[in-house]
Each structure stands twice: as structure tokens, then as C-alpha cells.
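J.: Residue-level listing of the chains:
Number of protein chains: 2
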Amino acid sequence: MHASLRLGIAGLGTVGASVVRGLRAHGDELAERCGRRLVVRAVCARDRTRDRGVDLSGINWIQDPVRLAESPDIDVFVELIGGASGPAEDSVRAALASGKHVVTANKALLARHGVELARLAEKRGVSLNFEAAVAGGIPIIKTLRESLAGNRVDRIFGILNGTCNYILTRMQNERLSFDVCLKEAQRLGYAETDPTFDVGGFDTAHKLALLTSLAFGSEIDVDAIAIEGITDVTLDDIEKADELGYRIKLLAIAERAPSGAITQRVHPTMVPKSSAIARIDGVLNAVAVEADFVGKLMLVGPGAGGDATASSVIGDVADIARGTALSVMGKPAEHMTPYLKSNGAEHRGAYFVRLSVHDRPGAFAAIAARMAEREISLESIVQRARRPSADAPGDAAPTEAQPVIMLTYATAEMDLRAALDRVAADGHVASPPRFIRIERF
Amino acid sequence: MHASLRLGIAGLGTVGASVVRGLRAHGDELAERCGRRLVVRAVCARDRTRDRGVDLSGINWIQDPVRLAESPDIDVFVELIGGASGPAEDSVRAALASGKHVVTANKALLARHGVELARLAEKRGVSLNFEAAVAGGIPIIKTLRESLAGNRVDRIFGILNGTCNYILTRMQNERLSFDVCLKEAQRLGYAETDPTFDVGGFDTAHKLALLTSLAFGSEIDVDAIAIEGITDVTLDDIEKADELGYRIKLLAIAERAPSGAITQRVHPTMVPKSSAIARIDGVLNAVAVEADFVGKLMLVGPGAGGDATASSVIGDVADIARGTALSVMGKPAEHMTPYLKSNGAEHRGAYFVRLSVHDRPGAFAAIAARMAEREISLESIVQRARRPSADAPGDAAPTEAQPVIMLTYATAEMDLRAALDRVAADGHVASPPRFIRIERF
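Going line by line, the protein sequences match chains L and S. Under UniProt numbering, the final residue of the first sequence carries the number 441; numbering is consecutive throughout. Under UniProt numbering, the final residue of the second sequence carries the number 441; numbering is consecutive throughout.
A few of these clues could be false.
Note that the list lumps identical chains together, so a pair holds whenever it fits in one copy or between two copies.
With a straight-line Cα cutoff of 30 Å, these simulated DSSO-like cross-link-like pairs (lysine-lysine) come out [claimed, not checked]:
#: 1; residue 1: LYS273; residue 2: LYS296
#: 2; residue 1: LYS183; residue 2: LYS296
#: 3; residue 1: LYS341; residue 2: LYS296
#: 4; residue 1: LYS183; residue 2: LYS341
#: 5; residue 1: LYS341; residue 2: LYS123
If you're looking for bench data, these hints aren't it; they were derived computationally from the structure.
Taking the hints into account, I'd like the entire structure generated from these sequences.
T.: Next comes the structure, spelled out in C-alpha cells:
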């Protein structure tokens, strides 16, 4: 058997503690599978006194993550600090520069500096593995980086944020408002005190940027992503979607046109109830890949949680222990193609449009005319008198704005936007028109 | 860049031709991803004149697969002949013995001789990769062998045969008989002229035997699998299951008890309509893994088809090209644990029982008494008068046997079998009682 593989772990939150536990619980089995033992030599975390439910005796404690990263006592630096800069970035750079393999769960860091770090790792001939950075326990990085090597991927999409999916699922199932479900998610520890990063779609975007690069062999470009979070999704949207046979999910979608131009988008999406992706509920994540040879593949599993994420971290460490050497983004950084951004206005699709229309003669005709001007065909229009409500005594007033839902046939997004701008300018609506993209995967 | 990796492909059916096409179509990209070119040097197939829709010019044609396997002109032998013995076995052994890496899609061969072949490959320090042998394009071998290294797998189950799933889905959706759907599957090329291997559950069993070994680190034992195919599943079963909220799927299930004892079973299974596995329709395959750290993971994709299977074959070749070296069954053959078979009678679960009961006084009371003797609780009983049918004029005769469906609560299979034996011996039923296991994943 080879010499032990010596690990240094920076960051002992939920994931870090689970990694230490997993390495202990399955130490013998891992040694058999990898041909050598995996040993935690040193750790680094802010609070040394906290009880993490795991025995850390015999493991060195190093205060400074950069010093841990450079320590000659370790072969692999496991970065679980998080953040696109600061100690996480400094220590990963230090580890690679000193010839250490790196395993990280840090999507923000890689979304910002992935190509540069890949170059550094490849120059030093070390691994930079990040299965845990996208979709927790789901082995989507390995699938794209290795299994699908013989494919041209055309599209990848998925539910990459468990917090958002939990909130949308609760809204759907319990008919609760966004705010109530967000509070519930915070109470259960699924959402942070400042939930912007999750519900604003930014976490999903970071993950998508990495998948896009792996899928298409292109450089990472998180800034090219059109991001819309779930904060504006109302219970009314969800109920109307339900009536029309749809669910609303926060999807990450990346597509490559035959020209090579890439579209990346993160937005609430209406998907048919019967579709597989519509049925991914709660904190689950799912990633679907469409490629020329394999066809369509979907992976479903836990997108977060200490143990599930640790499963991916340990899998990455095991690869290093076995001597598996891979280009960080599936192909050498020098061969990655520049990111070719498609013109977002090119997007064609069906749309769910929500208007709040003043109840006066001619309003609806004027709206319909604006849509016709842009040659937007309507599949259905739902206009229903509001139910009178005791809570809102003004509700039944005749002059009050009425909700109108329109479903369009496939149309260019630039045409829809232009038509809705005109509708708003005409003054027939009480609030800015909103739309949700429909995808029929 | 390293020297090219030279392949010899034995078997040019649908999969073989797709592999050649895929290697050509994505040659440059594969070279970038692997750091070397993948070149088909020689092929071997029975009929040289057949048009396979792929250009084979410049590729050597060797008649004898064993000679191809031993050729000093190749580094990797790709076996796509099929069959547990004969030319497939001979050529794979020859390739390993002469120090060639092997990639195969041959589940029958590995289910029978996998451990021995693993030993041979490991002795020679070469790879024996078989992603394509289980679930076509789904990367379940890599997931078990690599990604989940840090887990203790407790259960693995799935739909592993597209033919059976196509037939059951058609029966369900179109309310057609097994025979009609089988003929349709044969017409579409989803089923062989002799469909026994698929519909009898044997193909599923071969695949399960490999997954079990990978999941539990135990030796392969296909003979330990209790196999029941779908030939006895009637449209009536499917309709009754539907009424009760279930779908019937042919599932492969492997479980390991805390004692280490393993159960492997292949049988028609009733699963709740709302479960993810119930929604895998048509020729799709799905594999679910339950493990201590990752929790539950499910992979869904094409279980067969030339291109999807070729995707897995090429992924395996790419691993070899990159120099990835893995134990064949995830851990060295010498460390695989002997297969510890659990006593099948230990299985506890709920059951769907179908009886054909003679319509005479006391029959039902007698049956209920036999169930009570074994302390089997019934969740529900469905007895319905038959619809009179013009096709079967005897149908409405008062003495005719009536279908009775019982759903049991969780009970030991040995108790159910004993009770049903007594029921049959009592003479109240017109045909042997049948049961279908219910699983609530």
C-alpha cells in the first residue's frame, strides 16, 4: 500500500465536520478502495472551542488557512471556508502554488477565478476538484468531466438551489405566500438570515457558470448570466400556473447554439406538471443534460446538507488518492474556448404574462392590439372576476384593476418586451406587466 | 501530447457502429480532453459487407476476435460481441492476458466471470471498464465505483430493462394485454424474437448482480438473485394497482442488512404513483442509491440504444486514455467480501394478493381465517362483480370464480406464502394465488 494521503481541512462548519466524520467512519473501506489511507493531518477554523460532534484529537490545529495550505505536512488542501475572495481565495492560491492538490466546495470562488486557478493547478500538475460546489451530493461534475467526454452537450438545465425549491414547493403545496415560506426556510436552517444570495438567484448562477464551462468547454463567465430570482413570484402566479397545468421552478439553463453562441439564464420558469423537472420537490436538486450521443440524462439528489456535500468532497479526495489526474474543467485551460455570448434578445419561447388591467372600456382591446403589432399569438387568456374578500373591502369596486393572464405561443423575447412596454405606456395597467418564461422540456 | 491510444473493436452491431461514429465525430474534442488521440486501429465482426452507416476505411479488419485481442497493434480491446461465454469470453481473457485494457458492454460475461476477470486485469495492471453494461448511457458504474467511495450503501434499486418498462408502460397507458405490447416492442426493435432474456427478468438480474457488487464491495453472485419476470403481469393487475394508487414496475433491488447479509431480487413491484420511480416510463432506465452520507440519489436516462451505450463505452475509453486506474469492482478483487446471502424468507413487506375465488358460501371466511392464522393484517380487500361480457358468455355464471384483491400490511414473506399455500389446499380458489410485492420508496 502507498503512503497515506495527508489532508488539511480549512473550515469546520457542517460540511467540514461531516468530512472528518465520513473519513473516520469509512476509513478502512476507503483505504481498500484507494489503495492508501486518507488521514486528516491538520484543520483550521475560527472557533476552536465549539463542539462539532466529531473527535478532533490528534489533529493539528493551524490558525491561518494560508499557513495550512502551505504546510509540508499535507498533500491535499480541502477548502470549505467559502467566499469568492479573502481567506478562501488566498489559501487555495497558496495551496496550488506550493504544489498541493485542492478539493473545494466553493462555487463562488470558482465562478470568479476558475479558469485562472485551473491554469495554476495544471501548471503545477495537481488536481483541483470541486464536485461539492454544484448540487451537493449529485455527481454532476464527474458526469460532465468524465462520463460524457464522447458527447457534444447541447443543453444543461436544472434546479440548483434547494432553498428556492423548498420555498416554491411550500408555496405550491400549502398555498402560502413567499414571505411566510422564506421565514419557514430560515427557521429550518435552509435559508440564511440574509437570503438574497439564494432567493435572488446568485447561488444558482455561480453553479450554472461552472456547469456551462464543463458542458461546453468554454471559459467560465458568470457575468454573462441573465439572473432573475424568485422574490417576485406570487402565490397568485403559482395558482394560475397550476390551473394551466404548470409548476413554477427556479431553473438554471445553459444552451449552446450550432453557431457556438451560449445562453445562460437563471429565472423562475413554468414547466408542465407532467415533466420530470416539475416533480423535483423540496430541498432536492436535479440536473438534466441533453447531449448528442447519450440523449437526455437526469440526476436527482440532495443539493445541500453536511453529509451529502461531504460525500462529494470525499469522492474528490478519493480520486486524488487513486492518482486520477484530470484537467480542472474537463479539458486543459489553454484549450478552453472563449465564452461566446449569444444575444439574449434572440430567445424564443412561450410566455406567461400577468397584467393588472384597469377595468374600463377598450383596455383589453388596446392590449390585444399591442400584442398583435408584434405578431405575438395568444394561446389562452384568463380573466376572472376577483372573489369578494372580507379582508379587502375595496376588492369588488368596479374601477379596480383586474388580473389578466395571457399565455403566448412561441415568440421572440424582444418582441414581447417591446409589446409590454407599449402596454405599460398606454396606461391601461395598474402595475408594470410581468412575465414568466415557459419551457417544455 | 502522448502517443495515440489504439483501439480494437470486436462486434460492429448498433453499439459498435455508434462507437466508431462517436470517436470520429468528437475526435478533436476527445483528444483535447484526454491529452491524446483515440484511434480505431482494427475491428472484427462477422459480416464484412454489411453497410453500418459508418466509414470503416483505413481500419484493419481481423476475422478472429481473439487474434484482435492479442494484436500488438492495439492498447484497448473493446468487446461488444455479447454473451457469457464463447468468443466474447475468449477474447476478453486473451486481451487481459496480453496486457490490454478492456472496455465491455457485456453484463452476462461480467455477471458470470467478473471477479475472476477483475483478478486477471488487476494482476496485469490494466483496466476493465464496463459502464455500458448496466443502464446504457447512465453513469451508474462510475458513480458507485468513484463518486460514492465515502459512503456505506444500504440499498440500490432501479428499472434496468427498457424492454420490460416499455411493455408495462404501454399496458398501463393503452390498457393493452402483455402479449399485444410484447409484439409491439418486437416490431419496434425493443425486444428480441425470443424475448425470454428480457421479459423473464434475466437481463435485469445480470445488471443487478454487478451493481450489488459495486455497491457493497461483495463478490458477484447472480445465482443468489430471486428472479421473477413480467410475463404473469396481467392488465387486470395493472388496472387494480392503478385503482389502489400504484404502478407496477419490474424492479431490481439489492439491500444489505446491518449483519452484512445481502438480498437481491428482481420482480414486478407495486410502487406508489407519486414515487419518482413510478414515473420512469417507456424505455427509460433509472437507478436509485441509498447511502449513509449522500442520502438518496437517482439517475435517469436511456438504458439502451446504440448512441447512448456508445456514450458510456467512449467515456470508459477516455478514462483509460487519461491514465485513470481503478479496481474493476471499485476495490481490489482480493478485498471483495464473500457474498453473504440473506435468508429470502426474511423479507417483510406489504403485498398485493390476487385470488380467483369460487363463489360459494364460506369461501371468503375460510381465506380470511388462513390469513389470520399467520397474523397477516389486511389493509384493504377489493371484490367486485365482473362486468358481463359478450365475448365470454360464461362470465356471469353464478358458480364462476370471482377475482378478489387483498392488500396486506407489512408481513413476512414466508408467512404470506404459507397462508396462500393453505388457501390453495383448501380448494376455494380456481387458480394458484398470486402476489406482487409493494415497495414504498
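J.: Within a copy, between copies, both or neither: where do LYS273 and LYS296 come within 30 Å Cα-Cα?
T.: For LYS273 and LYS296, both the intra-copy (19 Å) and inter-copy (23 Å) Cα distances are at most 30 Å.
J.: If the cutoff is 30 Å on CA atoms, where do LYS183 and LYS296 land: within, between, both or neither? Let me know, please.
T.: So LYS183 and LYS296 pass the 30 Å test across copies only (27 Å; inside, 36 Å).
J.: Evaluate LYS341 and LYS123 at a C-alpha cut-off of 30 Å and name the case that applies: within, between, both or neither.
T.: Answer is within; shortest intra-copy Cα gap is 28 Å, inter-copy 50 Å.
J.: With 30 Å as the alpha-carbon cut-off, assign the pair LYS341 and LYS296 to within, between, both or neither.
T.: within (24 Å within a copy, 36 Å between copies)
J.: Taking 30 Å as the upper bound on the Cα-Cα distance, should LYS183 and LYS341 be classified as within, between, both, or neither?
T.: Close neither inside one copy (37 Å) nor across copies (49 Å); limit 30 Å.
Hint check: a violation occurs at hint 4 only; the rest are consistent with the structure.
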